[in-house]
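*Asks:* Chains as they are written, first to last, in this note's numbering: chain A, 1 to 286; chain R, 1 to 421.
Certain hints may be false.
[To be verified] Reference excerpt, derived from the structure (chain R facing chain A, CB under 8 angstroms, subset only):
1) D137
2) P139
3) E144
4) R148
5) F211
6) D212
7) D244
8) V248
9) P266
10) R314
11) Y339
12) V343
[Said to hold, decoys possible] Away from chain R, derived, C-beta distances all over 10 angstroms, residues of chain A:
13) P21
14) A22
15) E24
16) R27
17) G33
18) V59
19) G150
20) R178
21) L230
22) V274
[Said to hold, decoys possible] Simulated coverage check for chain A against chain R, where a stretch passes if three residues somewhere in it have a Cβ under 8 angstroms from a Cβ of chain R:
23) 97-111
24) 157-163
In short, the hints are calculated from the structure, not lab data.
Note that beta-carbon positions come from the ideal geometry of N, C-alpha and C, so glycine has one too.
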Amino acid sequence: MTTRPALPPARRTEDLRDHLPAIEPERTVTDWGRSERLEGLVDRTLNSFLYHYWFRCEVEGIENVPSTGGALLVSNHAGALPPDASMIAKAIQEEHPRPRRLHLTVEHFFKGYPFFSMFVAKIGGVPAHPANVHRLLHDERQLVLVFPEGAKATGKLYKDRYKLRRFGRGGFVEAAMRARVPIVPIAVVGAEEAMPTFAQVGLLRRLTGLIYFPITPLFPHFGLLGAAYLPAKFKLRFLEPVATDRMGSEPWEDKGLVQEVAGDIRARIQDELVDMVGRRRSVWLG
Amino acid sequence: MSTQRASPAGTGGRRVLITGLSTYWGGRLAQALERDPGVDVIVGVSPEDPTCELTRTEYVRVANQHALLARIVQAAAIDTVIDTRLIVDSVNASPRAAHENNVIGTMNILAACAGPGSPVRKVVFKSSAHFYGCERDDPAYFTEAMRRPHPPRTLIEKDIVEAERAVEAFAARHRDVTVTVLRFVNGLGPDITTSHSALLSLPVVPSILGFDPRYQFIHEDDIAGVLEHAAVHDLPGTYNAAGDGVLVLSEIASLLGRPPAPLLPPWGTGIAAAALRRVGVRIPPEMLQQLRYGRALDNRRLKTAGYSFRATSRETVQAFAQYLRTRGLRTAEGEGYQYEREVEEFLRWSPAVRGDDRLGLARLGRDQLAELARALESARGARPARPARPAPRGTPPDGTLRTGSPSSSGGAADPEPAADP
Numbered sequence: 001m002t003t004r005p006a007l008p009p010a011r012r013t014e015d016l017r018d019h020l021p022a023i024e025p026e027r028t029v030t031d032w033g034r035s036e037r038l039e040g041l042v043d044r045t046l047n048s049f050l051y052h053y054w055f056r057c058e059v060e061g062i063e064n065v066p067s068t069g070g071a072l073l074v075s076n077h078a079g080a081l082p083p084d085a086s087m088i089a090k091a092i093q094e095e096h097p098r099p100r101r102l103h104l105t106v107e108h109f110f111k112g113y114p115f116f117s118m119f120v121a122k123i124g125g126v127p128a129h130p131a132n133v134h135r136l137l138h139d140e141r142q143l144v145l146v147f148p149e150g151a152k153a154t155g156k157l158y159k160d161r162y163k164l165r166r167f168g169r170g171g172f173v174e175a176a177m178r179a180r181v182p183i184v185p186i187a188v189v190g191a192e193e194a195m196p197t198f199a200q201v202g203l204l205r206r207l208t209g210l211i212y213f214p215i216t217p218l219f220p221h222f223g224l225l226g227a228a229y230l231p232a233k234f235k236l237r238f239l240e241p242v243a244t245d246r247m248g249s250e251p252w253e254d255k256g257l258v259q260e261v262a263g264d265i266r267a268r269i270q271d272e273l274v275d276m277v278g279r280r281r282s283v284w285l286g
Numbered sequence: 001m002s003t004q005r006a007s008p009a010g011t012g013g014r015r016v017l018i019t020g021l022s023t024y025w026g027g028r029l030a031q032a033l034e035r036d037p038g039v040d041v042i043v044g045v046s047p048e049d050p051t052c053e054l055t056r057t058e059y060v061r062v063a064n065q066h067a068l069l070a071r072i073v074q075a076a077a078i079d080t081v082i083d084t085r086l087i088v089d090s091v092n093a094s095p096r097a098a099h100e101n102n103v104i105g106t107m108n109i110l111a112a113c114a115g116p117g118s119p120v121r122k123v124v125f126k127s128s129a130h131f132y133g134c135e136r137d138d139p140a141y142f143t144e145a146m147r148r149p150h151p152p153r154t155l156i157e158k159d160i161v162e163a164e165r166a167v168e169a170f171a172a173r174h175r176d177v178t179v180t181v182l183r184f185v186n187g188l189g190p191d192i193t194t195s196h197s198a199l200l201s202l203p204v205v206p207s208i209l210g211f212d213p214r215y216q217f218i219h220e221d222d223i224a225g226v227l228e229h230a231a232v233h234d235l236p237g238t239y240n241a242a243g244d245g246v247l248v249l250s251e252i253a254s255l256l257g258r259p260p261a262p263l264l265p266p267w268g269t270g271i272a273a274a275a276l277r278r279v280g281v282r283i284p285p286e287m288l289q290q291l292r293y294g295r296a297l298d299n300r301r302l303k304t305a306g307y308s309f310r311a312t313s314r315e316t317v318q319a320f321a322q323y324l325r326t327r328g329l330r331t332a333e334g335e336g337y338q339y340e341r342e343v344e345e346f347l348r349w350s351p352a353v354r355g356d357d358r359l360g361l362a363r364l365g366r367d368q369l370a371e372l373a374r375a376l377e378s379a380r381g382a383r384p385a386r387p388a389r390p391a392p393r394g395t396p397p398d399g400t401l402r403t404g405s406p407s408s409s410g411g412a413a414d415p416e417p418a419a420d421p
């Protein structure tokens, strides 16, 4: 395509952010499929109960979550049905001076599970696609929570608790760099004991088509009751944000730097976890 | 129009060929272009008769034979080819017919545009969001640069991908031709019948149990609007065309005021769809994927190119709901149109037709008018030729031109200036 004048000059802006669809106030569902009604209901009932009474969450460093603009929250992940995401979201709702909703990235295969896919999307889950994360962080300036360990963490056994798994391939750092938003590391203690996994049954996993088939204190022998959590004491610590906008013009091209930042964040969360577990006297009382 | 090359006729206006004139989109586009004084000539081709009323579009009944198309393109010095012929709904045609039309037809049309010394400077290709497919690991918004993550699952998707590949190859070979590919999401409106409009017209909105997919719609007026925008502006590259906003199926059901009905099980969905077909509910395979995973397109590239959508996805569904509520009260006025070649030719060419400027004399240049006048005069052997006054340019584009209707007194090419409204 050479010298031919291409686009009509009228209101041409390069910034795609200016062309995001306007918000239609009558709607109760966002463009991401998030339902205010269902999310509000879950927030008022289940999450409220878990946050205040069941897990008795204690929060430190909430001021590290920015009040405006996009930010990528990065946390450790645990439990066969991990409760950490909803507790982090609830902590920001309850403790932050400017409560903000956050989007949670979930693995793609959840999109294939009936009911669950529907439910996750309605309470703010988005498939963990780099394009989704970029749009949320950069274009829509939202908070996004990622668990870089992914299913490796939720499938791990009780004996490996609080040992962080590999942090993916550093894709989350790349996403934050591209969107030029800070990364806020979070250390969560308690989720490992809320639903510990004692064993994984490979044969049943294949038969049921689930991502894993865990043996927990209540599952599978109590059936649906297996979704219940043990009342472990939760502690959430939001750490100093890592700025990614001062790392050069295109830092994501430097794979070494990406790995270094990812490793650094992983080490910080691991250190905090060791510190928090070391201070803890009781799993149930904190 | 600054980007316009002078066409051989010398008047500077566009000379447009619309393929698939009989489709809803082709007809709407032709109607829109007829109102545009910057468009000199509109030729429409399709194997079937046009389905809407047209005033100055020339219709040629021809299918996708490239030799015939090439002759039309050359003879009429077509500079803009708009291909609206793609079949994107497998309910509308047998797989073989769809393949024939979508793949072979596209190849033929591109071949007709490609010959040596071809006057074609622009090709607009109407494609579909089915190009992207619907899969589990799709992004929430497809942008134009994205490829589908998996090979196509259904025949219609395969055809669309193949057709687009042909267009892409054409664009790569002909750098001097502006090639626009428009990927449309599901259209919705009172006048178009798709498997989605059929499904949403049912007393309940069928869905797959346990899934609430994301959906986008584009209003039928926007479909015509986007095609027209691409016809009169130069938009090289690919553009997604989708209304703003993304709905979920349950939201659509509530906008329509119909209960959602999870008629399809999450497993064995294809078998259940086959069973539903027996009772008259036709859910094509490409739609099953959409009902499961949903799909949305990022329309911002088209917006940066200057198009502003008239309706959001939500407004489109609301307008459709309104149509459904009043459907029984309406008389079928649009359906009364039937193409009759003799009538159309009479209206276009008979000297007895008065009133509107059917001949398009207002769009002829001064020299051409003078030439025409001379020719007519000499044919009648009357007074020597006198230069005709030029038709005023930039007269209102709404078909109210009243210049020099042929009258019995003889001065056929004697245009009076248009009465200023």
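*Asks:* In terms of beta carbon proximity below 8 angstroms, does the stretch 157-163 of chain A have 3 or more residues touching chain R?
*Replies:* violated (count 0)
*Asks:* Using the nearest Cβ pair, does R:D244 come within less than 8 angstroms of chain A?
*Replies:* With a minimum Cβ separation of about 4 angstroms from chain A (threshold 8 angstroms), the hint on R:D244 holds.
*Asks:* Is A:R178 truly not at the interface, in the sense that its beta carbon sits beyond 10 angstroms from all beta carbons of chain R?
*Replies:* The assertion about A:R178 holds, with a minimum of 14 angstroms to chain R.
*Asks:* Are all beta-carbon distances from A:A22 to chain R longer than 10 angstroms?
*Replies:* At about 7 angstroms from chain R, A:A22 fails to clear the 10 angstroms cut-off, so the statement is violated.
*Asks:* Restraint: R:V343 near chain A, CB-CB cut 8 angstroms. Satisfied or not?
*Replies:* violated (38 angstroms)
*Asks:* Under 8 angstroms is the threshold here; is the Cβ of R:Y339 close enough to any Cβ of chain A for the hint to stand?
*Replies:* violated (35 angstroms)
*Asks:* Please verify that hint: R:P139, Cβ, nearest Cβ of chain A, below 8 angstroms or not.
*Replies:* The hint holds - R:P139 has a Cβ within 8 angstroms of chain A, the shortest such distance being about 4 angstroms.
*Asks:* Given a cut of 8 angstroms on the nearest C-beta pair, is the interface hint for R:F211 held or broken against chain A?
*Replies:* holds (6 angstroms)
*Asks:* Quick one: work out the minimum CB distance from A:V274 to chain R and report holds if it exceeds 10 angstroms, violated otherwise.
*Replies:* holds (35 angstroms)
*Asks:* For A:V59, is the shortest CB-to-CB distance to chain R above 10 angstroms, so the non-interface label stands?
*Replies:* Non-interface label on A:V59 holds, nearest chain R Cβ at 30 angstroms vs cutoff 10 angstroms.
*Asks:* Was A:G33 rightly flagged as not at the interface, with every chain R Cβ beyond 10 angstroms?
*Replies:* Since the minimum Cβ distance to chain R is about 5 angstroms, A:G33 lies within 10 angstroms and the statement is violated.
*Asks:* Could you check if R:P266 really has its C-beta closer than 8 angstroms to a C-beta on chain A?
*Replies:* Constraint on R:P266 satisfied, holds at 4 angstroms.
Hint compliance for this structure: hints 3, 4, 11, 12, 13, 14, 15, 16, 17 and 24 are not met, and every other hint is.
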